[in-house]
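Asks: Given next are the chains, with one letter for each unit.
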Amino acid sequence: MENVAEIRKLTTLSIVWLTITFSAVWVACWGLGIGLPMLLENVFHYDNPVLVETLRFFVPALSILVFIPINAMFMVLLERRALAIFTVRKGPNRVGPDGYLQTMADAVKLLLKEDITPIGADAVMFTLAPIVFFAPSIIGAVPLLAAVTSNHPFYQSLNLPTGIFYVLAASAIPVVALVMAGWASNNKYSLVGGLRSAAQAISYEIPLVMAILSVCVMAGTLDMVKIAEQQAGGFLHWNFFGGGALIGLDRMIAASMGAGMGAETGPDISHHFYPYDGISGVAAIILVICLVISFCMYLTGACAEINRIPFDLPEAESELVSGYNTEYSGMKFAIFFLAEFTNLFVVSSITTVMFLGGGDNPIPPYILDKIPGISSAISALRESPICSQWHFINPEMLFATLWVIFKVYAIVFFAILVRGTLPRFRIDQLIAFGWKRLIPLSLIVFLVLVFARGFVVCHG
Amino acid sequence: MALELSRIEDLKTDEMIINMGPQHPATHGVLRLILTLDGEVVKHVEPVLGHLHRAQEWQGQNRTWFQYQALIDRVDYLSGMFTSWAMARACEQLDGTVVPKRAEYLRVMLSEMNRITSHLLWLGTYLIDLGAMFGFPFYPFREREKLFDLFEEVAGQRMMFNYIRIGGVLRDPKPEWFAQLKKFTDEFPDRIDEYEAIVTQNPIFLDRTKGVGILNKQLAMDYGVTGPCIRSSGVELDLRKTKPYSVYPELDFKTIVTDHDGDTWDRYMARILEMRESNKIIQQCMAQIPDGDIIVKKQTAGLRVKAGEGFAAVESPRGIIGCYVTSTGGEKPFRFRWRNPSFCNLSILPELLVGSPISDIMAIFGSIDIILPDVDR
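Listed in order, the protein sequences are those of chains B and G.
Per the working numbering, the first sequence starts with residue 1, numbered consecutively.
Per the working numbering, the second sequence starts with residue 1, numbered consecutively.
Since the hints were made in silico from the structure, they are not lab data.
Just so we're clear, the structure is a prediction, and the values are computed from it rather than from any experiment.
All C-beta atoms in this analysis are idealised placements derived from N, C-alpha and C, irrespective of residue type, glycine included.
Not one of these hints is a red herring.
So the derived label-pair ranges between C-beta atoms look like this:
id	chain 1	residue 1	chain 2	residue 2	range
1	B	414	G	193	24 to 34 Å
2	B	292	G	145	40 to 50 Å
3	G	193	B	161	54 to 64 Å
4	B	437	G	351	30 to 40 Å
5	B	447	G	211	31 to 41 Å
6	G	224	B	292	51 to 61 Å
7	B	365	G	193	40 to 50 Å
8	G	15	B	414	40 to 50 Å
9	G	332	B	111	52 to 62 Å
10	G	145	B	367	42 to 52 Å
11	B	169	G	214	44 to 54 Å
12	G	145	B	161	56 to 66 Å
13	B	139	G	39	27 to 37 Å
14	G	148	B	285	51 to 61 Å
For reference, chain G alone in the conformation it holds in the complex:
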């Protein structure tokens, strides 16, 4: 027996190097992973970034404040509201602006709507990553479209909203808009129940996600992982609670911490529960929203921000977005520096992938929910 085992050791074959991406159908954009495989098992991973580098920070120094405001939505195109919000808050810090209450409520409402659309898209694409190519993945898109219609009505855009401006928000929604949103929020929990009924306890889904890609607390903290990823590893890091901003202290919601193993199923569950919480936040906002102004700063091409340095962070669907801004008081910003959650979350990937089979690459990679423009900026 011992002899045979040693023979099997001798049979060790060559490792195979595969370039996964940037044109691979499942890398969510243009990520390139250099995989070293032994059979089907991953031995080494090297993510290669930069295929989508658009010099977003540099462009900030070459645009006026007003132009850059519109551009920054594109960094994370699935949740543009949050990058705008981080920038607006950093600039308001310099200006010392007090944003009107109604504007703050609108910001929270639309951002939570955006969080839902982002998680819905994640849910759909994640199931595609797991091989449910048809069928279920399109159902979340149905609800997402409804929210996009609402966005379109109030911001004029379906994805690149440019709605949150320095000093307030762009437009006040009509009363009918609130009625539509109310209808959506009323039926949305039932929809999530539908998704959960088909996915959450599906045996194949459980086989594919339980115990796969375990991210423990310490590792997550070491790598600076944020968002649902770290919360599903049992760390209660949610800026809306831990460092409250805007009107979040006035709202009643839970931080979702799924404290089991930190595997992909937990990350899935964290996002599902977050959508429910977001829905509750929207409902509360609609009940509590006061009347009043929505913007205090004039939105013209000559928009300027007072000199100084400011930093603001918001909790986006993917994690903490930080915006550091330096202004000289001129017509262009002096320097912008962004802290993007996707970049930090992606850095965990090699740790999680080593030792898992090829099939799990996408199960793990999808569960981290990165977005490539946000990684490369």
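Just chain B, with the same shape it has in the complex:
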């Protein structure tokens, strides 16, 4: 407990940075999508629905453009400070107040650095690699944006019926960029790093997709917004806890607390959700276990996918200097760096939406209603001019966003914690672990899940 002061500082830093980041993004989006049309209509009496629609069309692009760089800056700082705490150090605390601006300084430094293309490198491929690496993490995140914002009107147009499939497809592209970077650098370390990343991605994509597929089977849809909406209503509804197998349990608890829907009683609910009694109960438990395994498998596969310790073999520093980005400097390196942290954020968001209920409050509503003051506070907020006149926020969206932020950064923090703890795998062990353990396990889990699902009434 020698680090309490540092932990407190990190907490303050996170809150300040997150507030600034999300306020900036939301102010920009609100200004473009609502504020500007409102201003035009009320002050200049210029009311053109085409213009409003056009402005709204650009809101998602704007939010991504504002959010990704600021967020990456915050995550780098968070990672460095958190790792410092895990390692009984202080971390960067000199630039700006208590080191808040450290990553800004780093970014400026990287932008001003000379951009070197090594002799013998394939210049076109060398330049293209960071772009191909970074672009999918933005494009792929687009349907996610609709899901994490609880289908806000701004982002509804981004949602796809095949959302998660599209996201996974996009997240498979960066591997090509790593091979490109490794090959084009004209450096043997880079080459080995690029080849390793290809081997790793092929091995770990399968368990990752199988884990997501089991969630989709439980949910009965690929639409991320629908998957997020299904899980609303407390933590027992989340896919992490059985993919909807525990909804009946949740209802029964609600009924026993006198907050059930209508005149339902415990046995009725039990009969509806668990039609085969004992067998259904066993099936529900099996589903919970399967989904927890899927969750762990997804996190493992995702760590491998985004090259974080213990799967950071493509850039294994003690072996390959810096792997595929050995020869990169300046802006190109900055893009690699940015994309890595964006990928981490995207992966955490996918986990949040697919397993942890998106913007859902973990406390079930029937308990929340019993806490005095909450509903009155929400209605007071709704009455206030911020909501009613300017449409700046609405309470449901606000709380959903707060929960999303909390969950996403909790997973990011977990990834940092893992990075601060584990050593690195060796490449042959990594591949063996992927093919001999994870893939068979994922197939077994999927098979068991498909059978167990028949005995319980779930989301889908």
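Starting from the structure of chain B, add chain G where the hints point.
Replies: Frame of chain B; chain G shown alone:
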């Protein structure tokens, strides 16, 4: 099937030659390894030495005894106490000096402290070699800093101590210093337990170290490997026991021989256990240390050693340091010759590396625990 297999043989690709170092981030200084790789498998290794050659032996002939005494700490900067000690013992042999008991106890105490700091640094950097870039590696540094504070108080320096002098030791520590050291030694075993809890049975760590870089008894003896490396291969070679010097015979400690396979995990374990033993030695020294003089030879710029030839060896954290000295009785030494453990231990590297993947290079190289200034002198 047979046809396909022969096809795979035909697919054999070119070997790739990689220069690992001297600027590689993980070669612990400036070692250069010329690796011939087939895919990720090492086919041939050639260590290239000399990037850090500082002519330490030659400098001995061009410095006075007093100056060289201060210089020799730099040879192995992680365990400077031991090179000083080897030199002091060789020179005392010529002089026929009998070092006071209290000085001998202080030498043992501070050397064992230095052994702990050296092993702690090894532990941290070894985990960095294995890819635990952040987190754990810094914890050993926490304890190391505490010991350095103690060194600073008694020797005036944190790493280049120049504490063991010809004829005794430099300074007598204050009673408060002993109290601080006692506090450290009391809590240190718990700290090692902490390290062991996170590392020793960590599945990834076991995967990376078990059965990797196996050094068998015969090979180790053939190459003149010393220190924890040979002891972890099952050879009981510890000068403190096999050829006791100073006050080691009066102390009760074990020679750590981990007799399993001689793999990197054994070398790790040997060092962990050695730290525990060193801690015990320090505790015993504190209990047994007598009062009395600490130095019998006047430390001035005109320090001289009687004519003749002398040799002394001490057991350093890396192995046996031997110091051979020839004196003509003049103000400068006639010749110094050092036997450095890192050099001999490094010579085993090509034998261990051939046939292992790139990732294991650092796992094996780190486990040998060499230090480049000690290799090149």
